[in-house]
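Protein chains: 2
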Amino acid sequence: MHIMIIGAAGMVGTKLTQRLVADGALGGKTIDRLTLVDVNEPAAPSGIPATCMAADLTTAGVSDRLAGLRADVIFHLAAIVSGEAEADFDKGYLINLDGTRFLFESIRQEGLRESYCPRVVFTSSIAVFGAPFPDKISDTFHNTPQTSYGTQKAICELLLADYSRRGFFDGIGIRLPTINVRPGKPNKAASGFFSNILREPLSGQPAVLPVADTVRHWHASPRSAVEFLLHAATLDTAPLGQRRTLNLPGLSATVAEQIEALRRVAGQKAVDLIKVEPDDTITRIVAGWPQNFDPQRAIELGFRAESSFDEIIQIHIDDELGGKLP
Amino acid sequence: MHIMIIGAAGMVGTKLTQRLVADGALGGKTIDRLTLVDVNEPAAPSGIPATCMAADLTTAGVSDRLAGLRADVIFHLAAIVSGEAEADFDKGYLINLDGTRFLFESIRQEGLRESYCPRVVFTSSIAVFGAPFPDKISDTFHNTPQTSYGTQKAICELLLADYSRRGFFDGIGIRLPTINVRPGKPNKAASGFFSNILREPLSGQPAVLPVADTVRHWHASPRSAVEFLLHAATLDTAPLGQRRTLNLPGLSATVAEQIEALRRVAGQKAVDLIKVEPDDTITRIVAGWPQNFDPQRAIELGFRAESSFDEIIQIHIDDELGGKLP
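Chains Y and C, in that order, are what the protein sequence lines are.
The numbering of the first sequence is this note's numbering, which starts it at 1 and goes up by one.
The numbering of the second sequence is this note's numbering, which starts it at 1001 and goes up by one.
Don't read these hints as lab results, they were simulated from the structure.
Some hints here could point you the wrong way.
Derived EDC-like pairs (lysine to aspartate or glutamate); straight-line CA-CA distance at most 20 angstroms [unchecked claim]:
no. : chain 1 : residue 1 : chain 2 : residue 2
1   : C       : 1091      : Y       : 98
2   : C       : 1029      : C       : 1170
3   : Y       : 15        : Y       : 32
4   : Y       : 91        : C       : 1098
5   : C       : 1136      : Y       : 139
6   : Y       : 136       : C       : 1139
7   : Y       : 91        : C       : 1105
8   : C       : 1275      : C       : 1260
9   : Y       : 185       : Y       : 319
10  : C       : 1324      : C       : 1260
11  : Y       : 136       : Y       : 300
12  : Y       : 188       : Y       : 300
13  : C       : 1185      : C       : 1105
14  : C       : 1188      : C       : 1086
15  : C       : 1091      : Y       : 300
16  : C       : 1185      : C       : 1318
17  : C       : 1015      : C       : 1260
18  : C       : 1015      : C       : 1032
Derived list of chain C stretches under chain Y, where covered just means 3 residues or more per stretch with a C-beta under 8 angstroms from a C-beta of chain Y [unchecked claim]:
no. : segment
19  : 1140-1152
20  : 1171-1184
Predicted model only: the values in this text are computed from it and were never measured.
All C-beta atoms in this analysis are idealised placements derived from N, C-alpha and C, irrespective of residue type, glycine included.
The whole structure should be built from the sequences, with the hints applied where relevant.
The following block contains the structure:
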């Protein structure tokens, strides 16, 4: 089986690659080839023959070349993030909308040349939703994004569904919760603090909390993100019908609940490293974000996420900190 | 005030033009110029200076030229219909998606050159919805189109909202009910019979009913369609927030209720002209269509439609048959 990951050098792409290499198989089929694509050439894994390439879907000919490789499963994770898509309107539409549409269309054209219908797994986002919200967002709640990024993701979901309905590929979209604990350095994403207030204190470093601790949000671990992708790549898509994109399970928790879990796992000294510095801009942005979901369809289809922040923190300790606190 | 209608030669565009010319004003402001655009040159109305042009939004330079005319209000009605968009995948996306995006982008570019923020009224469709449905589709029900046409309309709605949020224009989308009684000759649209079974017998002609008379659907008259457009062009868009497209009011009625209204207005001899010829294909297509809505937001914003099929039939008699049955 040949698997392609577009956006393979990102955090989720890297973890997905590691997992595929460790498993050596997907859905019971041996993986005999990986194609790893990103704007910066992804590192070559060992253990499975891999083609690594630096390529941008919006460069002429790239999407045709990728589709021409006829992978059995294509994970399309590539996107520019919310903040960048908001700051640069043209670039956001070019990368996040046109890039995806080029890929979908190249797959269709490849299939018109010779029968081809790969599984396409597309990572969407809860940014397709915009306030005001019900207490829990249901599987039939409308998409009213409040960012250009969310708009682009919502449009790609519609294209994914139509191309799948037409039989051009077998697509599935997954709206990832906010990934927590996100490894690496603090970044300037408005959502960064959700991870920062756990990751930094767990390593003895200070972190800033810019919102009230009553803020509620929707989380899943990086490990769950990889599990979501593997499950999306292998499940029977027939029960999806024409509703090809799913709200995924996650954990709805307040910042206070995050902090209590941190206290239980790492003690008061870790909690003391969190400095409260209210930021009106971030508070306003976060107020427009989803807080809770009722993802019945995804649960029925076998998707699972964490049920406590203790568990999410432990996954970070196991996967990023070698199993113990420093 | 300068008003542009793109898609001015179609049924709704023609009636809208006639109404604007008859009123001579929109929202209390005198109309001093009309620009009427369609792929076939629209007929020039008398009474208001009008520029009529044959133009296609997907031809290079056309959208820039139209935006450069800096109309105060742009009605964008142009589209290819559902059946054609389904039969010709490329043409559907080109005309219905790219054409609209070109227009939106040209307006943005015009505004970047010199401040410009026209009202843009976009006609969307209840084809953005796909079964299974609740009894009444609420204002927050998700878009899961089951046709490429519905997909294209849903995508344009998302673009409309994002371009409006960014301040590139002041957009409003309206999801028109099925227009009934649609004047003219019977056509091959799957929805054609809803009008055929009234219009033809009202003129002494036979008509075919291809579905069970229990089929329920969502209707409004051509006169309401024009009223919707005028109201959308003039209402205060501030209460829309970032939810720029509305489900409109309409009349939910079964085919049997249509036929009973026909009997009351035109007698049994008219009803006898309806020949029942079940068609499995049409029955299957229609089963995926919306039947009823709860369009609270549009009603609160002042949109109104008919409340009985007697009224819808009378409008047809008044507007198309000179006020009396032949």
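Hint-by-hint comparison with the structure:
1. Restraint check for residue 1091 (chain C) and residue 98 (chain Y): the C-alpha separation of about 17 angstroms stays at or below 20 angstroms, so the hint holds.
2. With a CA separation close to 18 angstroms, the supplied pair residue 1029 (chain C) and residue 1170 (chain C) stays within the 20 angstroms bound.
3. The straight-line distance between the Cα atoms of residue 15 (chain Y) and residue 32 (chain Y) is roughly 18 angstroms, inside the 20 angstroms bound, and the hint therefore holds.
4. For a cut-off of 20 angstroms, the pair hint linking residue 91 (chain Y) to residue 1098 (chain C) stands: about 17 angstroms separates their Cα positions.
5. At most 20 angstroms may separate the alpha-carbon atoms for a hinted pair to count; residue 1136 (chain C) and residue 139 (chain Y) meet this at roughly 17 angstroms.
6. Our distance criterion of 20 angstroms between C-alpha atoms is met by residue 136 (chain Y) and residue 1139 (chain C), whose separation comes to about 17 angstroms.
7. The straight-line distance between the Cα atoms of residue 91 (chain Y) and residue 1105 (chain C) is roughly 14 angstroms, inside the 20 angstroms bound, and the hint therefore holds.
8. A distance of roughly 15 angstroms separates the Cα atoms of residue 1275 (chain C) and residue 1260 (chain C); the hinted pair therefore holds under the 20 angstroms criterion.
9. With a C-alpha separation of about 16 angstroms, the suggested pairing of residue 185 (chain Y) with residue 319 (chain Y) holds against the 20 angstroms cut-off.
10. For the given pair, residue 1324 (chain C) sits about 19 angstroms from residue 1260 (chain C) by alpha-carbon distance, which is consistent with the 20 angstroms threshold.
11. At roughly 17 angstroms between alpha-carbon atoms, residue 136 (chain Y) and residue 300 (chain Y) fall within 20 angstroms of each other, so this suggested pair holds.
12. The straight-line distance between the Cα atoms of residue 188 (chain Y) and residue 300 (chain Y) is roughly 36 angstroms, outside the 20 angstroms bound, and the hint therefore fails.
13. Restraint check for residue 1185 (chain C) and residue 1105 (chain C): not satisfied, since their Cα atoms lie roughly 36 angstroms apart, outside the 20 angstroms limit.
14. Straight-line distance between C-alpha atoms of residue 1188 (chain C) and residue 1086 (chain C) comes to about 13 angstroms, which keeps the hinted pair within the 20 angstroms bound.
15. Using a Cα cut-off of 20 angstroms, the hinted pair residue 1091 (chain C) and residue 300 (chain Y) is violated, with the two alpha carbons roughly 38 angstroms apart.
16. At most 20 angstroms may separate the alpha-carbon atoms for a hinted pair to count; residue 1185 (chain C) and residue 1318 (chain C) meet this at roughly 18 angstroms.
17. The suggested pairing of residue 1015 (chain C) with residue 1260 (chain C) is violated, with an alpha-carbon distance near 28 angstroms, which exceeds 20 angstroms.
18. Proposed proximity of residue 1015 (chain C) and residue 1032 (chain C) is supported: the alpha carbons are some 18 angstroms apart, at most 20 angstroms.
19. Coverage of the segment 1140-1152 of chain C by chain Y holds in this model, with 9 residues showing a Cβ closer than 8 angstroms to a Cβ of that chain against a need of three.
20. Against chain Y, the segment 1171-1184 of chain C contributes 0 residues with a C-beta closer than 8 angstroms to a partner C-beta. That does not satisfy the three-residue criterion, and the hint is violated.
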